[in-house]
Each structure stands twice: as structure tokens, then as C-alpha cells.
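With the sequences and hints as input, model every part of the structure.
Line order of the protein sequences matches chains A and B. In terms of my numbering, the first sequence is numbered consecutively and its last residue is 157. In terms of my numbering, the second sequence is numbered consecutively and its last residue is 118.
Capping the alpha-carbon separation at 25 Å, the derived lysine-lysine pairs in DSS-like fashion look like this:
(1) 25(B) with 144(A)
(2) 65(A) with 46(B)
(3) 111(A) with 65(A)
(4) 144(A) with 114(A)
(5) 144(A) with 60(B)
From chain A, some residues computed to sit far from chain B (all C-beta separations above 10 Å):
(6) 90
(7) 111
(8) 112
Below, a sample of chain A positions facing chain B; criterion: calculated Cβ distance under 8 Å:
(9) 144
(10) 147
(11) 150
Don't read these hints as lab results, they were simulated from the structure. Note that the coordinates shown come from a computational prediction; the quantities given were computed from them, not determined experimentally. Don't be surprised by glycine CBs; every beta carbon is placed ideally from N, CA and C.
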Amino acid sequence: GENVEQHPSTLSVQEGDSAVIKCTYSDSASNYFPWYKQELGKRPQLIIDIRSNVGEKKDQRIAVTLNKTAKHFSLHITETQPEDSAVYFCAASKLGTSYDKVIFGPGTSLSVIP
Amino acid sequence: GAVVSQHPSWVICKSGTSVKIECRSLDFQATTMFWYRQFPKQSLMLMATSNEGSKATYEQGVEKDKFLINHASLTLSTLTVTSAHPEDSSFYICRAAVMSEQYFGPGTRLTVT
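Structure below.
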């Protein structure tokens with residue numbers, strides 16, 4: 044089955060700096076890669092996603108890149124703010140039907156220092 | 006966006022008892038419900054996948070006789086933790102899906118004493 048790895052496990056940045064989180068996946072058939080932000084005690088919230096037919100996607104301060112050949116994808120947050128502090132999970136899935144399983148990476152705890 | 010609710014949001018039970026958690030899709034019909042478990046400072050681990058009207062498919066290592074899943078309708082799935090033990094204390098989250106759309110419930114915090 045699919046296995047998703049994520050690095051780093053913890054990340055501290057100064058407010059205004061950029062943060063990068065990297066993930067790898069094992070199943071070459073995966074075609075959908077969402078990123079979730081989870082605040083303490085709350086459900087994960089989808090912040091951005093990318094499909095396998097696209098190499099890069101950007102939404103304001105957040106961008107995701109995908110290298111299908113290497114089975115790598117990354118989350119980039121620019122101009123970080125204290126409210127970006129949370130745990131971020133990457134995930135991989137074979138999108139197409141509602142039977143798809145979304146497999147999560149182990150998570151990255153991001154701290155933005157004011 | 007679509008709304009998924011879970012009930013209860015927080016429950017404490019004694020060791021050896023059973024607890025039922027409900028997951029409802031409030032404004033859409035979910036053909037598939039996924040149940041995840043999340044221990045403190047860990048990732049979400051998929052426990053099982055359930056399709057309306059059929060038996061749930063459990064992930065390797067998840068005891069199907071301990072975690073009973075029922076998906077009786079397109080808007081309701083239940084997870085029953087039977088003979089709960091302190092090690093079952095966790096955050097349980099459902100995810101409702103229809104085609105390529107998917108939505109998480111708010112989660113249920115279970116504490117077994």
C-alpha cells in the first residue's frame with residue numbers, strides 16, 4: 044500500500060520567513076496530493092491540493108510543487124505569520140472515486156516566532 | 006462547503022464499556038465513510054472504510070470485532086468501540102466522501118478511564 048513520509052517533523056521559523064515541508068510517496072499510481080493544517084484539538088483543514096497532471100500550484104502565500112518522477116511533493120509558505128503555527132500533514136491518494144483512501148504523512152509541527 | 010457532524014464531540018467512559026460515535030453528513034449523501042484515529046502528536050491513521058449497505062473494510066492491524074462500523078444510510082455511519090481500554094483513548098475522526106469530494110467531521114475525543 045501507499046506510504047507517505049514527511050520532513051521535517053518540527054520546524055521553527057521567524058515571522059516573515061519562508062517555510063518548506065517535503066514529502067515523498069511510494070505508490071506511483073497516486074494522483075492527488077492534498078495538504079492539511081490541523082490546529083490543536085480540531086479537525087484537519089484542507090489548505091491546498093495538487094493533482095498529478097500539474098507540477099506547481101499557488102494560492103496566495105501557499106504553494107505546492109510536485110515531482111512525479113521522483114515521487115516528491117513540497118509545501119511552501121512564504122511571509123509566515125504567527126497564525127500559520129500548526130501541524131501540517133501531507134497526504135496521497137488515488138483520486139477518482141469515493142472509495143479512495145487518503146494516506147497521511149506523519150506531520151510537521153510548524154512554529155512561527157513573532 | 007459540505008457539513009459533516011460527529012456526536013459526541015467528547016466522551017469519557019470506564020474500561021470495559023462500549024462507546025458509539027456517530028458521523029453524519031448533513032447536506033449531502035456520502036457513498037463512503039472513512040474512520041481515522043489520531044493519538045496525541047501523531048498522524049491520522051486510517052482504521053476502516055465503509056460503504057453504505059455493505060461491510061466495512063478494515064486496515065491491517067485494526068480489530069474488526071473491537072471497532073464495529075455500521076453505515077446504514079448515505080448520511081450516517083457509526084463507530085462502536087467495544088470493551089474499551091485506556092489504550093483506546095484517542096481522537097476519532099470520520100471523513101465523508103462522495104466521488105472526488107471529501108469532508109472531515111470535527112472529531113470525537115474518547116477518554117477511557
